[in-house]
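J.: Residue-level listing of the chains:
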Amino acid sequence: MARRVAVTGLGLITSIGNSKAEVLASLRENRTGIAPLAELAERGAPVSLAGAVKGFDTAEERQEDWMLPEGYAIPRELLRSMSPNAAYGYCAMGQAIVDAGLEAGEVSGPQTGLLAASGGSMRYTYSYLRTMSERGIHRVHPLGMPAAIAGTLNMNLVAGYKIKGVSLGISTACASSAHGCGYGFDLIRHGRQDIVFVVGAEDCDYWSIVPFAGLRAITPSKDPGVRPSPFDVGRDGFCVAGGAAVLVLEEMGRAEARGARVYAEMLGWGEASDGYSVVAPEPDGDGIGRAMEQCLRSSGLERREVSYINAHATGTPVGDVAELRAIQRVFGRGGGPAVGSTKALTGHGLSLAGALEAALSVLAIREGFIPATTNLREPDPAAEGTDLVRDVRWEAPRVVVSNSSGFGGSNVALAFGR
Amino acid sequence: MAKTLTDEEIAAIRRNYKRCDEATQEAIIRFRQTGDATEVEAIGRGIIRRYLKPEAQVALDGASAETPLTALQVESLTMLEIVLDLQDALNITIADEELRRFATLGDVLAYLRTKAGG
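These protein sequence lines map, in sequence, to chains L and A.
Using my numbering, you'd call the opening residue of the first sequence number 1 and step up by one each time.
Using my numbering, you'd call the opening residue of the second sequence number 1 and step up by one each time.
Heads up, none of these hints are tricks.
Some chain A residues near chain L, calculated using beta-carbon distances under 10 Å: (1) N16; (2) T78; (3) E81; (4) I94.
Keep in mind that the hints were calculated from the coordinates and are not lab data.
Keep in mind the model is a prediction, meaning the values are calculated, not measured.
We put the beta carbon where it would ideally sit given N, CA and C, even for glycine.
Please put together the full structure from these sequences, using the hints given.
T.: Here it is, written out as structure tokens:
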């Protein structure tokens, strides 16, 4: 009999709240986490808005000088190898462990692993390489490089939480932490792990945001009441968000035996690639469409069983419509699931997005409502026949599919249900 | 080697060494202004102390020149952090080969006095 996978814990450090309670309140009240970011204006960036984390001050170069919200502390020996994304991840892990009610021996043991996704830190990369080239490597902090590279999140969290099982870092950009959920599911399904922490985290500052403006992917708007606006006919780009999201995936029998609270079951997942472009999706959403089909097959789901799709849709002209076409191909036009994008409220968390939206999907199931797609004033005509969630719906979705698509045309669809 | 420091330079020293005690910050400021190598022992002890765990700080306070560095429980990465701060405070470069020769606290302080004395 196949092992089943439960979601038993969540940790959230996000633009819409630093706890499950805060995040839920923001979703229920349709309260945006996006605002003008002072550093962007100060440095004369061509974009203004971001979904930054509140309550953390990581402006100082020396990590010991960072301010963390009350109740959080990171030992100096670990802090010194961190950039902000790893600090957010560390705090979110702490939350998730408490939320799941896991003991120390369950967190640190051969059957517990951690799959992490982060783009590393542009800011710390620039800082240590600049010091290295101007003053020599012996003037650079010895841990400057591990603090900055793409694996920094898994390195710091595996060391910091004494993870003894699987450790892995995933680099599929905006699909990364969704891949984390998928491969975490497989590890448990195949008996190689009993518990997997899936972590997505990103910095959120001038250095992490403005490169995307170079791609002309970010909205130039200054008004979070207007943009980002996934599926809206006037959409003109996304907003970058940072923070961390953690899911605790646990073998269902084990979770039930210890009386764990199960948010939802992870039913299965699918993945497929566009093989088309480095930065743009295949225009008909070929890859995300096949990822969704695979997800349904692997979950044993009929299309009509899916209540809600938490779309990838970031608010770009090209991306949103490609995904809509894929959804219409897989689920039909008319009578299909409700479709919404929480990126309108949270911003686009890049490597963090997959895990964050998986967390929001299981919260929707557990708490019994479907979050709104805010800023949706006039749906794109391409959405005709698709049921877009414009306002919060106070009905419990039974099965949710969460989509994530990343650079290179990497696509993942996850299914959760109760 | 008299050098007047600007207010900004003094503020930068206090900021960069704010986790060292005030006596150490003052010693660094005086050393930068006068080049007086007699300040080096206080600077060396003060910077090392800032990186030690409380138990090891007690050991440092009671340490003599002969005290082995191992008694201070400084692991290799922390040693590199100490070296970074010493280099900046005393405006010197400490090569890795030279680091390897340090066995006691006295070795470190004597080396720093020589290097900083010019």
